[in-house]
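Please model the entire structure based on the sequences and the hints provided.
There are 2 protein chains.
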Amino acid sequence: MEFKTATLNQLPAIVRLLADDEFGATRERYEKPLPKEYIEAFAKIEQQMGNSIIVVMVKNEVIGCLQLTLIPGISRLGTTRGQIEGVRIDKDYRGKGVGESLLRYAINEAKTMGCEMIQLTTDKKRKDAHRFYERLGFVASHEGMKLSLIN
Amino acid sequence: MEFKTATLNQLPAIVRLLADDEFGATRERYEKPLPKEYIEAFAKIEQQMGNSIIVVMVKNEVIGCLQLTLIPGISRLGTTRGQIEGVRIDKDYRGKGVGESLLRYAINEAKTMGCEMIQLTTDKKRKDAHRFYERLGFVASHEGMKLSLIN
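Chains as they are written, first to last, in my numbering: chain C, 1 to 151; chain S, 1 to 151.
What the hints contain is simulated information worked out from the structure, not anything from laboratory work. Be careful, since some hints might not be right.
[Claimed, not checked] Here are some chain S residues pointing at chain C (derived, C-beta under 8 angstroms):
1. R29
2. E37
3. Q119
4. G144
Cβ atoms here follow ideal geometry from the backbone N, Cα and C, with glycine treated the same way.
Below, the structure written as structure tokens:
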């Protein structure tokens, strides 16, 4: 397994993973050619300091991904948070510790870059995900609240 | 009431608000001169595209603040999220709608800058905060999980 920051070459595989998901199926469009919205979004991620997609690869194939964004802040004596979004593992590779390895890699990257806390939100319906993150030491101390601005 | 992006001039007042809080009291150091960690953190926020502290002012005094960070992402067809952290209102101005006005200003800013979703996490012990955000249309659909990297 190889862990690395994604480049545009890996974007179609990342969208495939995001679409191949209980909630993602209705939210994503994995098409050829890839919808330009994804390409534009990837460019914005690359332009923002501290924002990146990390992929895990086996034999040159993307089998997992997550987004790691470093957010410097004032609170807690100027703590930088590492925010994780969009964690996905290829169906064929689940239950083999790939997700745990990917998370541990991202946590270590965040630590190296000066983060003092990692945070994420996970849908209350994803019970398996909660147990997964709790095993990694995460504490469900907060409510994760969302407000859609569409419509 | 005036709403604006904070400059270094407002930083001591922001730290005062963060420290004057049930949980912030033990986490922050509101001292003169201001600990250099805050000044360094503020510089990092200013350097990161899409990251800012918004303050609400009355008669040239900061009476409220929050952090708004725009996070471009791949999921949901390349959605940009607006993430809110560190919402605080001066004790003397609570219960007067200042928080609601500040949030509505930040939500509108995020919308103008192309965000399709606003998200935040709030400590499960802050029951009043949950009701406040629900009144603004937020839905507590997610668990907010944190992992401390200190110690």
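(request) Please write out, lowest number first, the hints stated earlier that are contradicted by the structure. (result) Per hint list: zero violations.
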